[in-house]
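*Asks:* Single-letter residue listing:
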Amino acid sequence: MSFLDYLLGTRKKTATVAKDRLQIILARERVDRKGPDFLPELRQELLQVISKYVKIDLDQVKVNLEHDGNFEVLELNIVLPESINTVKKTAS
Amino acid sequence: MTKVIVVTSGKGGVGKTTSSSSFASGLALRGHKTAVIDFDVGLRNLDLIMGCERRVVYDFVNVINGESTLKQALIKDKHCDNLFVLPASQTRDKDALDTASVGRVINELRDSFDYIVCDSPAGIEKGALMALYYADEALIVTNPEVSSVRDSDRILGILAAKSKRAEDGAEPIKEHLLITRYSPRRAAAGEMLSVTDVQEILSIPLLGVIPETEAVLQASNAGVPVIHDIESNAGQAYRDVVARFLGEDVPMRFLTADRKGFFSRLFGA
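Chains as they are written, first to last, in this note's numbering: chain A, 396 to 487; chain B, 181 to 449.
No lab work stands behind these hints, which were simulated from the structure alone.
It is possible that part of the hints are untrue.
Claimed, not checked - With beta-carbon atoms standing in for the labels, derived distance ranges:
hint, chain 1, residue 1, chain 2, residue 2, range
1, B, A369, A, R416, 16 to 26 Å
2, A, R416, B, G283, 33 to 43 Å
3, B, Q398, A, R423, 39 to 49 Å
4, A, L441, B, A341, 51 to 61 Å
5, A, I445, B, P431, 51 to 61 Å
Unchecked claim - Cross-link-like lysine-lysine pairs, in silico, DSBU-like; alpha carbons within 35 Å at most:
hint, chain 1, residue 1, chain 2, residue 2
6, B, K251, B, K342
7, B, K344, A, K429
8, B, K258, A, K429
9, A, K457, A, K447
10, B, K258, B, K354
11, B, K256, B, K306
12, B, K213, B, K256
13, B, K344, B, K251
14, B, K256, A, K414
15, B, K354, A, K457
16, B, K251, B, K274
17, B, K213, A, K429
18, B, K306, A, K457
19, A, K414, B, K344
Glycine included, C-beta positions come from ideal geometry on N, C-alpha and C.
Please model the entire structure based on the sequences and the hints provided.
*Replies:* Here's what the structure looks like:
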């Protein structure tokens, strides 16, 4: 942030930054809390299996449980890196 | 009907014990028979804040283990006739508490008290869970600061899942937000989360806001709950909190920064 930003008042106030960060993280934590207890563990184990073949981070594995009327939908969203083949070669 | 109120926060150092001591004193000052229990087994401090540390003979764990009667362990407060303190044990650990025996003590207290205030330890472990288990209402003590707000949200989740009311499927614990160490000046400058911000994030009803004042440290130095310092903003704010808790319609105070006029700046008044 430059001095000019400060003068023009374009610098975001830290309280606003704090509020935005809290709203994002709490939204996520509240969802985790509602889900069954095994979800974080499931996510961790999935990550272990996948990382045997592809190098990915925990952030790239999303496990979501949604309620839709009488049934629940378990949604898995795994983002694989672009250079998946090269990674696999070095791993094997 | 006796009401059990837990004062909790998740995070440490936000003002749980300060708030418990002033809130319990306030209820007693309004004529209600009140007991305040320190659940921080191993790290007892409520006695010090209430100024009765030298009169502790028996404690909560002694009562639980049948080593003393409840009557022997309760300490009568110096400042209010209607107030009694049940100190925590300094030597045991938190595993000394369990739901059955805590329940027995709380039920015995119900016979002679209108309000039972449970001062929770920090964290989300045994001691904190025991403090909130039997609660009918909860004061969530929160500082306008990211880690405190996040931990308060976590505690709200635990109240909704692990309390007796939650387990029994009874009416949920009534939650009250108590914002402490608030600086209206910094909030106005955008350096601190405002009351509205915190309330919006946690979305529970606001019971009160205690401004950051020197009086709180002075009160704990002296061992006299700050609510007795009626000159101080914090003392007045705690009195308002108690009045609101008892159902009175008291407007919020100390939410805006004092704008010092030219003359008061000049003369430092």
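*Asks:* State for each hint whether it applies.
*Replies:* Tested hints:
| no. | hint | verdict |
| --- | --- | --- |
| 1 | A369(B) to R416(A): 16 to 26 Å | holds (19 Å) |
| 2 | R416(A) to G283(B): 33 to 43 Å | holds (40 Å) |
| 3 | Q398(B) to R423(A): 39 to 49 Å | holds (41 Å) |
| 4 | L441(A) to A341(B): 51 to 61 Å | violated (25 Å) |
| 5 | I445(A) to P431(B): 51 to 61 Å | holds (57 Å) |
| 6 | K251(B) to K342(B) | holds (30 Å) |
| 7 | K344(B) to K429(A) | holds (18 Å) |
| 8 | K258(B) to K429(A) | violated (46 Å) |
| 9 | K457(A) to K447(A) | holds (18 Å) |
| 10 | K258(B) to K354(B) | holds (30 Å) |
| 11 | K256(B) to K306(B) | holds (27 Å) |
| 12 | K213(B) to K256(B) | holds (11 Å) |
| 13 | K344(B) to K251(B) | holds (26 Å) |
| 14 | K256(B) to K414(A) | violated (43 Å) |
| 15 | K354(B) to K457(A) | holds (34 Å) |
| 16 | K251(B) to K274(B) | holds (22 Å) |
| 17 | K213(B) to K429(A) | violated (39 Å) |
| 18 | K306(B) to K457(A) | holds (31 Å) |
| 19 | K414(A) to K344(B) | holds (32 Å) |
Of the numbered hints stated above, those contradicted by the structure are hints 4, 8, 14, 17, listed in ascending order.
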